[in-house]
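With the sequences and hints as input, model every part of the structure.
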Amino acid sequence: ETGVTQTPRHLVMGMTNKKSLKCEQHLGHNAMYWYKQSAKKPLELMFVYNFKEQTENNSVPSRFSPECPNSSHLFLHLHTLQPEDSALYLCASSQSNGRRNTEAFFGQGTRLTVV
Amino acid sequence: AQTVTQSQPEMSVQEAETVTLSCTYDTSENNYYLFWYKQPPSRQMILVIRQEAYKQQNATENRFSVNFQKAAKSFSLKISDSQLGDTAMYFCAFMKIQGAQKLVFGQGTRLTINP
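Chains as they are written, first to last, in the numbering used here: chain H, 1 to 115; chain S, 1 to 115.
Treat the hints as calculated values from the structure; they're not laboratory data. Check the hints yourself; a few may be wrong.
Unchecked claim - Each computed DSS-like pair below joins lysine-lysine, with the alpha-carbon atoms no more than 27 Å apart:
#1 40(H) with 78(S)
#2 96(S) with 41(H)
#3 41(H) with 73(S)
#4 40(H) with 73(S)
#5 40(H) with 96(S)
#6 78(S) with 41(H)
#7 96(S) with 36(H)
#8 96(S) with 52(H)
#9 52(H) with 22(H)
What the hints assert, rightly or not - Quick list of simulated restraints, FRET-style, between CB atoms:
#10 103(H) with 110(S): 35 to 45 Å
#11 103(H) with 40(S): 13 to 23 Å
#12 113(H) with 30(S): 34 to 44 Å
#13 55(S) with 115(H): 13 to 23 Å
#14 42(S) with 53(H): 28 to 38 Å
#15 2(S) with 54(H): 13 to 23 Å
#16 80(H) with 20(S): 42 to 52 Å
#17 77(H) with 16(S): 40 to 50 Å
#18 55(H) with 16(S): 39 to 49 Å
#19 17(H) with 60(S): 42 to 52 Å
#20 27(H) with 72(S): 30 to 40 Å
#21 84(H) with 5(S): 19 to 29 Å
#22 42(S) with 113(H): 33 to 43 Å
The C-beta atom is built at its ideal place from N, Cα and C for all residues, glycine as well.
In structure tokens:
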């Protein structure tokens, strides 16, 4: 248990569905991330939030919509996905005091399958 | 932009042997972190070891140690007395110490420890 919890662990959705992934961190961190892990590809950074503000959007298609209502919660809203979006989606958190960042702690991921 | 390269897609050793995983990176930054993360079949990304670039001493954590060569931009992980539980994907990652909080990952090395 690393203090970062993701739900659901598994999700199967159709291309016309709308679903959301949830991430919660209990570490008091001020930054949260979404990563995508596809087979045979390096982990891809999708979004970074710092103090609830989005500081990084790595050219992610608009069918992925992040939401960060507070420093402890991060959502990824999904709609009209494609089969190639099937992957493991990892949430992480870390801390920064402006002068120094810390290592990131990860959740267990959501295995998403788009059919 | 930073890049991280792991040139060994797969490795396999016998239990109790020592194994070294390779990682090279490219950056123009002077201060940064390097990490090794482990991802077992449970999918949880677990931090194994951290190195701060301004520290010349190589980091060690029990059976895990690194060989950090800053000039060569090389960061290898040595696992001594390997155990069956070390079987996992291992990812090398880079993060700036200040500024943008994002981890850049290598492609990963699948390590199998055989009984």
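Is the hinted range of 42 to 52 Å satisfied by the C-beta distance from residue 17(H) to residue 60(S)?
holds, 48 Å
Holds or violated: 13 to 23 Å for the Cβ distance of residue 2(S) and residue 54(H)?
Holds, since residue 2(S) and residue 54(H) (Cβ atoms, about 21 Å apart) stay within the stated range.
With a cut-off of 27 Å on the C-alpha distance, tell me whether residue 78(S) and residue 41(H) pass.
holds, 24 Å
Can the restraint linking residue 41(H) and residue 73(S) be considered satisfied, given a maximum Cα separation of 27 Å?
With Cα atoms ~22 Å apart, residue 41(H) and residue 73(S) stay inside 27 Å; holds.
What's the verdict on residue 96(S) and residue 41(H), does the C-alpha distance respect the 27 Å limit or exceed it?
holds, 22 Å
Just to be careful, I want the Cα atoms of residue 40(H) and residue 73(S) compared with a cutoff of 27 Å; is the pair within it?
Holds. Residue 40(H) to residue 73(S) sits at ~24 Å (cutoff 27 Å).
For residue 77(H) and residue 16(S), compare the CB-CB distance with the range 40 to 50 Å and indicate the outcome.
holds, 48 Å
What's the verdict on residue 96(S) and residue 52(H), does the C-alpha distance respect the 27 Å limit or exceed it?
This hinted pair holds, its Cα atoms lying about 20 Å apart.
Could you grab the alpha-carbon distance between residue 40(H) and residue 78(S) and see if it respects the 27 Å cut-off?
holds, 24 Å
Given the hint of 39 to 49 Å, check if residue 55(H) and residue 16(S) actually sit that far apart at their C-beta atoms.
Holds, at about 45 Å.
Between residue 84(H) and residue 5(S), is the Cβ distance one that fits in 19 to 29 Å?
Distance hint for residue 84(H), residue 5(S) holds at roughly 24 Å.
Check the hint pairing residue 96(S) with residue 36(H) against an upper bound of 27 Å on the C-alpha distance.
Since the Cα atoms of residue 96(S) and residue 36(H) sit roughly 20 Å apart, the hinted pair holds (cutoff 27 Å).
Consistency with the previously given hints fails for numbers 10, 13 and 22, ordered from lowest to highest.
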